[in-house]
Amino acid sequence: MATPLVVSEVFKSFTMHLRDGIKLPVVNDVNFSVASGECVVLGGPSGIGKSSILKMLYGNYAVDAGQILVDHKDRIVDIAHADPRTILDVRRHTLGYVSQFLRTVPRVAALDVVAEPLVARGTDSTEAKDKAAELLAKLNLPRELWGLPPATFSGGEQQRINIARGFITSHRILLLDEPTASLDAVNRRVVVEMIAEKKREGVALLGIFHDEEVREAVADRILDVMQFSPRKAKAA
Amino acid sequence: MTDLATYNFAYLDEQTKRMIRRAILKAIAIPGYQVPFASREMPMPYGWGTGGVQVTAAIIGPEDVLKVIDQGADDTTNAVSIRAFFQKVANVAVTTHTKDATIIQTRHRIPEQKLGAGQVLVYQVPIPEPLRFLEPRETETRKMHALEEYGLMHVKLYEDIARHGRISTTYAYPVKVAGRYVMDPSPTPKFDNPKMHMSEALQLFGAGREKRIYAVPPYTEVVSLDFEDHPFEIQKFEQPCALCGAQGVYLDEVVLDDKGGRMFVCSDTDHCEDRREHGHAGEMLAPNKEAAE
Amino acid sequence: MTDTPLLKVSGVSKFYGSRIGCKDVSFELWPGEVLAIVGESGSGKTTLLNCLSTRLMPTTGSIEYRMRDGNFRDLYHMSEAERRFLMRTDWGFVHQNPADGLRMTVSAGANVGERLMAIGDRHYGNIRETASDWLTRVEISTDRIDDQPRAFSGGMRQRLQIARNLVTGPRLVFMDEPTGGLDVSVQARLLDLVRGLVNDLGLSAIVVTHDLAVARLLSHRMMVMKDGHVIEHGLTDRVLDDPREPYTQLLVSSILQV
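Protein chains in written order, with my numbering: chain A, 1 to 236; chain B, 1 to 293; chain C, 1 to 258.
What the hints contain is simulated information worked out from the structure, not anything from laboratory work.
Watch out, some of these pointers could steer you wrong.
Estimated spans, in silico, between C-beta atoms of each pair [claimed, not checked]:
1. A:P45 / C:F15: 53 to 63 Å
2. B:E148 / A:D74: 44 to 54 Å
3. C:D74 / B:G116: 48 to 58 Å
4. B:T139 / A:R92: 43 to 53 Å
Even glycine gets a Cβ: it sits at the ideal position worked out from N, Cα and C.
The task is simple: from the sequences and hints, build the whole structure.
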C-alpha cells in the first residue's frame, strides 16, 4: 500500500520575541506516516499540539527541524523546506484541509465557495458547481442558502460548507481539524459516511476528532500526540 | 525713409535674425517639431502676433511683397498695424492680393487662393503644444513627442464624440506632419487643414510668448487625426457667400441688426473682392442685386 | 505550473546618499502569483515598488522581466521608449490616490480607452464598447461612462483606475496601498473585486500595503520590510500564522480584532 504522507523527526517551538524571547516548545521528534485508504486520528488532551501538527503539514507553521514528505505529482516534496510556490501547488493538487472555521470571503455565494478548489484545478465551472450542489445536498444545507454568501450563516451551516469545500476535490491527502464539532447527529453521520467513501477511494486522512462516536467510526488508528510532547516527562 | 535710419532693417538686429533663422532651418529640417528660440520683446503685446512678426522680420528682404491677414481680412486692426509696422521698419512693398505676395503673415486663415512655390505663409501661434489640453506638464509632453506617444490626442477626439456625437473640434485641429510629429496648426479653422497637405508654399509657425518655432516644408504630408468610424470632415456651409456667391469657401457670419438679421460672407476678403471684380455677385450685394436676378 | 518566472529581482539596493532606501532585495515572481510587500511607513516598501516598476532607478542590482516573446530583458537596460511601452501595455500601476492614476478631467470612458488609443486603436465604436465592458466588470454602471471621475466616489474612482490599467490585458500589476483612503465597507468590496479579477485573469501582482488583512486576502506570498531590509519572506499564511521575526510578531500582534 502506498504511503503518501511521511512525517520524520519534526521539531516545533515558538519563540515569543515580544515576551523577552521565551521559547515555547510545541512538539519534539514527531514521527508517523499515513497510508492510502487509512484514517489516522490524532489523540491526546487539548493544548498538546494536535492542531499545530496539522498546520505544519499544511505549511501554515514553519518547522524547526525534520521533514514532512508528501507524494506530489509522482515526486516527493518536503513541505518543511519547500518554497511557497511549491506549497501552493501541493495544496492545489495533493493536500486538502478542512479547518474548524470557515474563512469567509465577502460577496461570494456558498455554492461558489465550495466549487472554488475544483475551479482552481482547472475544472469547468458548471461541472464544479454541479458537484458542489451534490455535496451541499448530501450535507442537508437548505437549498435557499446556496446562492448567499456564508458570512451570516450559523456555525453548523458554515461548517458544512467548509466540509463540502474540503471534500469536493480528489486530493490524495486530506487533513481534518474537527470537522464535526458543531454538527448535529444526522450530519455527523453524513460526514462519517463521506470519510468512509474517501477511504475507499484510497485517500490518506489525518484528523482531529473530539467527538468519541465519530472517532470510533472513522479511525483506523489513533496516534497519541502525548508521545511527542516536550512536557511528557512532567505530565507522566 | 528717414525713419529707417533709427532702426535696423526689419526692426530686429542681425544677430537676433540669425538666431531665428537657425531655429527656422531646424524646424524645416524636422517638420512639425517645436524648436525653442529666444523670443524677443516686440513693440506690441503678446497675443498680437509677436511670434509671427519675429519670423517675418527674420525672413523678409527688401524685394519681398508682404500681405497680412487677420481672420482672413486685410483690413482689421491687427492686420493693418502689422502691415504698417513692416512698411515703416523695412520699407517693403505690401499687397492685399494673395497671388502677388511673397510672404503672407496670418492669424487664422489660409487664403482661399491656392498658394504656389516660392510663397511663405507665416502663422501667429498662441499655444503651440497640442497635447497641453490633457497633459499640462511640459516635461511630459516633450517626452511624449520624443517617443511618439500620441494616444492622448485621440482621447481629446474621443471626448468630443462622447459629448457631442461627432468630433466637434473646429479649429486648432491636430494634424500629424510627415508621419511623425503631431502639430497644432494654430487657431485656423479645420476647414483649412486640407490646404496644408502637400502645399507648394513653405509654412512657418511662430509662437512669441511660448518661444517656439515650427514648420511644414513644401510638399509635406499633413494628415488630420480622426477615428475610422468618425473620419475627419471639414465644415460645410448651406448657402454661398452673400456678396460674391462663392461656394466651398469659409464664411463669416455678420449680424446685421438686432432682429435676427444676418448674412454669411467670405472670410477671405481679398478672394471675395477679386470675385466681385470679375462679375460674381451674391444675393445681398446691394448695387448688383437687380442685375443678378 | 509554469517553469519560468515572470520577474527576476537580484540584489536590488537603492541609496539616497548614505541613507538606505532598500537594501539587497532578491526574489522571483511567477505567473499568476500575488506578492505582498508589507511594513510600516518608511520601511522602504514604496522605494522597492518604485524600483521594480521602473519609476526609480536602483543604485545596484538587476531586475529582469520576461517579455511576451519569452526573452528576459533587464528593465534598466531597455530604452525609455520600450520601458514606457511596457508600462502602458503589459503592466499596470494602481496608485493609492486614484487622482494620480486617472485623468480627472476626461470621462470615465476615455480614461479606460486611453491605453487602447495609445497602442493604436482607432475605432471609436470598438473603444467605447471595450470601455463599457470594463466598467461593468469593475461594477460601475455604464450610464456613468461619460461622467468625469471628479463626480465619482473614492471607491468608484479606485475601481475606474483598476479598469483603466487592466484594459490592455497586462500580465503584471503593481498596486500601492490600493485600499488606502477608503471606508472599510468600500475596501472589502474593492478587495473582493481585485481578488476575483486577479484569479480570473491569471495576473501576477505586487501589492504594497501596511494592512495585513489586505495581504492575507490578496496575496500568496509575503515580504516583510523594515529599515530597507526584507526581514521575513514566505507563504502569506505562514508569515501571518507563525511569524518568526520580532518585528513581524509585533506587526501581527498589532492587528485589531473585530
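Item to check | Hint check against the structure, violated hint numbers in rising order | outcome: none
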